[in-house]
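Student: This is what each chain is made of:
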Amino acid sequence: MSTTSWHCDARLLTRYSAGTVDAVLAASVEAHLVCCTRCRAAMAVHADPDESDRIWAGVRTAIARPVAPWPVRLLRRCGVSDEDAVLLSVSRSLRGPWTLATVVVLVCAAWASFPDDPRGKAAYLLVAPLVPVLGVVAAFASADQTAELAVTTPYSKARLALLRTLAVIVTTVPLVVAMGAVIPGIGWMAVTWLGPAFGLTLTALVGLTCLPAEIVGPAVFAGWTAVVGCAYGRDTVATAVAAPAQLGYLVLAVVTAAVLFLRIRSTHFPGARP
Amino acid sequence: MGMRSHADPGADDAALVRAMAAGDEAALRVLFTRHLPWLRARLTRRCGDPDVVADVLQDTFVAAWKGARRWRGDGEVAAWLWGIAVRRLVSRLRSRPERLAAPTAEVEAVDERTLSSAEELVLLGVEHGDLAAALRRLSPQLRAVIEATVLDGLTTREAAQLLGLAQGTVKGRIRKAKAQLRQDLISYQAGWS
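One line per chain: the protein sequences are F and Z, in this order. Under our numbering, the first residue of the first sequence carries the number 3, and numbering increases by one thereafter. Under our numbering, the first residue of the second sequence carries the number 107, and numbering increases by one thereafter.
Hints in this document: simulated from the structure, not taken from any laboratory. Keep in mind that the hints are not guaranteed to be accurate.
Stated by the list, open to error - Quick list of simulated restraints, FRET-style, between CB atoms:
#1 Gly154/Z - Val257/F: 45 to 51 Å
#2 Arg200/Z - Trp8/F: 35 to 41 Å
#3 Ala64/F - Ala185/Z: 21 to 27 Å
#4 Pro176/F - Ala185/Z: 38 to 44 Å
#5 Gly225/F - Thr275/Z: 56 to 62 Å
Treat the numbers as computed from the prediction; the structure is a model and nothing was measured. Built from N, CA and C at the ideal position, the CB exists for glycine as well.
Bound-form chain F, shown alone (with noise of 0.2 Å):
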């Protein structure tokens, strides 16, 4: 469908092709080009057939891989990598925890709404910090498909603990922050349950890595539970969330994130990453 007379000659787009025309000139090809059919089919001489038939195939994998959930892609969107977000995507550590998290605070959220029953805060208080924590242990729990995959997968178990523990703060913390945001009298508590969370989540995966999911699950549950069992004993449960008891749940969250990263160093599985 060419409308000029005239065709860029075999020597000009060699020329071209090697970069040794000038820019004007260029610019007078490449402005033939996108209306020359017979020029366009005469520059297939200068493509190497082996890096075509490389970037068809990236083309032809990037066209079949079906579209990801939109928290991993999300997570590709933070930096983490396509075969790590694939094998996030196959996992149901990312569907399980949502909807439990959903069910469990929407629940609680509706309890704590009751202005008179302290009972409500304290649900919302021990419910919060654990559901991220047992969305990680969910994630690790013999019941999922994806075990024998994880197994056989040359990936070391602590890497792969940390990037569900990403996939499944980023599903779950927004949700249980937006929803405490909107319970009246809740308050700051809305917010202050992370620190307990952080440190729980970490413990956690410090179990996770030497641990059976069956084992640290409930002992974190129980844990927990102790603690805004205490607090609510004494009178408020909001002291459970207060200054000094964040400061120990930051102590807790630094040790156990030494020890995680002191773990992952040392385990030399192929695929981790020192």
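Let chain F serve as the given structure and place chain Z on it in line with the hints.
Tutor: The following block gives chain Z in isolation, referenced to the frame of chain F:
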């Protein structure tokens, strides 16, 4: 080459894009084989890193596949593909501070002298006329800006990202280049008569 043995290698580009919109991967393959070489050469002139160019090409055809349904059906498919490719390149380079073989600077000195074949002169005459001479007199910096905005059809913002300049600098250079071209073309006409 065996590459074109798939569906309907004779179909025109517009028909291929319509087939792609209907989910025909063989049509994408034909379009890919047809347009990859020139797109690659054109991108290579704007970015010296072959890996980046390969990535951008891949993204371009993936985007063309996904966006085939949105193609309006007017104008050249080649121009549509280039529009996708150059914007992919811009967004790819945005995240990298080191970029671009300076598109024109080194080769010119040689080329001013080798520009002698009759075809080339005709090509220039038809495509740009006396504008070519005026363009050639622009400094490489000014010409790069004109190339990006006028020939590649980028916005000043995109051109700034492609060239690694501040947007204000690009605007300033466009203004300067226009003034210089206008001046040049006027004096050319004046000298003609």
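Student: Tell me if the beta carbons of Arg200/Z and Trp8/F are separated by a distance inside 35 to 41 Å.
Tutor: holds, 38 Å
Student: For the hint 38 to 44 Å, verify it against the beta carbon of Pro176/F and that of Ala185/Z.
Tutor: holds, 43 Å
Student: Is 45 to 51 Å right for how far apart the beta carbons of Gly154/Z and Val257/F are?
Tutor: holds, 49 Å
Student: For the hint 56 to 62 Å, verify it against the beta carbon of Gly225/F and that of Thr275/Z.
Tutor: Cβ of Gly225/F to Cβ of Thr275/Z: about 60 Å, so the range 56 to 62 Å holds.
Student: For the range 21 to 27 Å, tell me whether the beta carbons of Ala64/F and Ala185/Z fit it or not.
Tutor: Since the Cβ atoms of Ala64/F and Ala185/Z sit about 23 Å apart, the hinted range of 21 to 27 Å holds.
When each numbered hint is compared with the structure, no violation occurs for any of them.
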